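If you read the sequences in order, they're chains A and B.
Add 1182 to the 1-based position in the first sequence for the working numbering, that's all there is to it.
Add 1182 to the 1-based position in the second sequence for the working numbering, that's all there is to it.
Rather than coming from a laboratory, the hints here were simulated on the basis of the structure.
Do not take every clue at face value.
[Claimed, not checked] To be clear about the criterion: a stretch of chain B counts as covered by chain A if any three or more of its residues have a C-beta under 8 Å from a C-beta of chain A, and this derived list gives those stretches:
(1) 1246-1260
(2) 1286-1292
(3) 1433-1445
Keep in mind that this is a model prediction, so the values were computed, not measured.
A virtual CB, placed ideally from N, CA and C, is assigned to each residue, including glycine.
For reference, the chains in residue letters:
Protein chains: 2
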Amino acid sequence: MATIKDVAKLAGVSVATVSRVLNQGENVQPETERKVRSAIKALRYSPNLLGRNLRRRETRKILVLLNTISNQFYSRVVRGIEECAAEQEYSVMIGMTHGDPKLERNFLEMLKTKLMDGAVFLTSELDGAELAAQLQGIPVVQACEVQSTFPTPWVSIDNRRAACEATRYLVEKGHRQIGFFGAGDTYGSSRQREEGFRLTMEGAGLPIREEWVLDEGFGVGAGIRAAERLLEFGSLPDAVFCVSDTCAAGAIRCLAGEGVLVPRDISVMGFDNIRLSEVFLPSITTTWQPQYEIGYKAMEMLLRLIGGEEPSPNRLVLEHRIIERESVSPKN
Amino acid sequence: MATIKDVAKLAGVSVATVSRVLNQGENVQPETERKVRSAIKALRYSPNLLGRNLRRRETRKILVLLNTISNQFYSRVVRGIEECAAEQEYSVMIGMTHGDPKLERNFLEMLKTKLMDGAVFLTSELDGAELAAQLQGIPVVQACEVQSTFPTPWVSIDNRRAACEATRYLVEKGHRQIGFFGAGDTYGSSRQREEGFRLTMEGAGLPIREEWVLDEGFGVGAGIRAAERLLEFGSLPDAVFCVSDTCAAGAIRCLAGEGVLVPRDISVMGFDNIRLSEVFLPSITTTWQPQYEIGYKAMEMLLRLIGGEEPSPNRLVLEHRIIERESVSPKN
DNA sequence: ATCCGTTATGTAATCCGTTACATTACAGAT
DNA sequence: ATCTGTAATGTAACGGATTACATAACGGAT
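Construct all of the structure, not just a fragment, from the sequences and the given hints.
As structure tokens, then:
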């Protein structure tokens, strides 16, 4: 591979001149520039970005950390991040952790050692305190999934309130016996949605049957497992509030396999409003979150941080909205 | 941020010694090592990987290029890539192009300039010749989607044969009038599947009605649009062969919206066997491809390339298999 | 006491750019 | 002819690590 020296030699100029041509191009004679450019072409030269980044102390790359790309939800969030990043000439790289702390630490290492200028965390397996300790001084924003023990700017919806509203929606449709399919304590969003669920049920004077509160996770498989367990208990609730659309889809599919039809026999509500929820049969009643905007705003904050400012506000709660579809019907 | 010099100074040793402690640790007195380690901890030092990578001329990172993560199909392929990479201490970064050549060129730049040791291309928007010109000498493997004008090792299934078998399956179920929902000429996989479709139809002496051959793309939206157009012609085929499961799901949903039920009124066959195809209602009859293995094998090849060897074989055709589910029923 | 071979450590070159600073050339002013 | 300021270009320091090579220290053999 050719280096800048080779180019300089071939063009008969100094490396500084080559660099000037490569970058702003100020104060270079047209004739000189021509020579340099033709040398670049002849040698098929591309500057080694490691050298450049090392010197400039910036890479103009940002990392998006998430546990899996198999949930469509993230894809629009990432799109928002990317479009905002592109406007400032940043590139986005996605790192998947698969819920493996070791893999995640690996990515943290890249951040600590300046391989990326900053990161947006969509999920994390690590403890907030550990993240805080490891990443102090490094520009990081959390989006969707927020750990308060990791003090960074963040953007998210109000998960608890959204869950309250979703639960109330089910109650207003006449459902009394309502189950909750969550993802356990690990994820704040799930915890808060469960909180909202419990709060609203209590507020409505409705009992919560704990065997209908199941924590299998966000994915399709989680929905299937939760529904299986639900079927094991003799009686079914009127409705189930699921922590995600993927979970809801899994649940509906599993129930259908046993002849329990949604929404005829039981109503199921999702969360997120991913594409699947529109397309699924029955289409899934859910809570929309502004995925693209979450991503875009998070990236805006990150750019501020990278620029050395503290973004204000440094926490942003965006709107959500219930989307009525087919999977929830009035209790008759 | 502390540098190796700071550590060396604090520990009262030279930078070489610090580096030795950091790396293999050969020939360092236990006492010296202790001092160095405590200095590292005191300064919260992490080596700057830009410096290291520059010197070592390797980054141990590989790039996976794809156009979107919203199609689940890729997620298992990527998993295969990652697991193979992890065994050799490589990290995987995902770059999304969104079908935008400009974004893709951006990632090519990273490859050309040594920011990554190599890449697996799952899709590309660019012309094979341009890729070949830009990336000569850079370790690249293509997987799933292969451009023959870009001469790299690759791994894929035999798309044409798979499509032949899928079409024959439909024919054997008694379907005569069969449509094809493809993704146009841009993607080789779609082209080859269409080829297989046409070949088999001709072989069976069945006419192809060109208004039932629609090229809207791989995604859910594509399936919906294609189905809409199908509905615009008065008559429906007996069955439709879709280029992907997501496309099939979109089509089924759209048809259902107009009261056309799958498989009662029309059969729909997908391709890929992503999770969605099991979960969807009706579940989607499809052609399985070994997603994980494709990724794993592609990464094995890439590692060979990075090691300076030519992988042999340097093209790998893996098995596929029809999976029978609910969306195709015998024509009565 | 001398020499040799390890082992432990240090010095400095190197990777490849960018950029502060130095130098040269030249046009225009005096 | 001399001076000054600006434009064009070059030289070398620098970013932060790794590593080839040099050196020092020390134990053991002669």
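Evaluated hints:
1. 1246-1260: Since 8 is at least three, the answer is holds.
2. 1286-1292: n = 4 at 8 Å, threshold three: holds.
3. 1433-1445: Answer holds; 3 residues pass the 8 Å Cβ test.
Of the numbered hints listed earlier, not one is contradicted by the structure.
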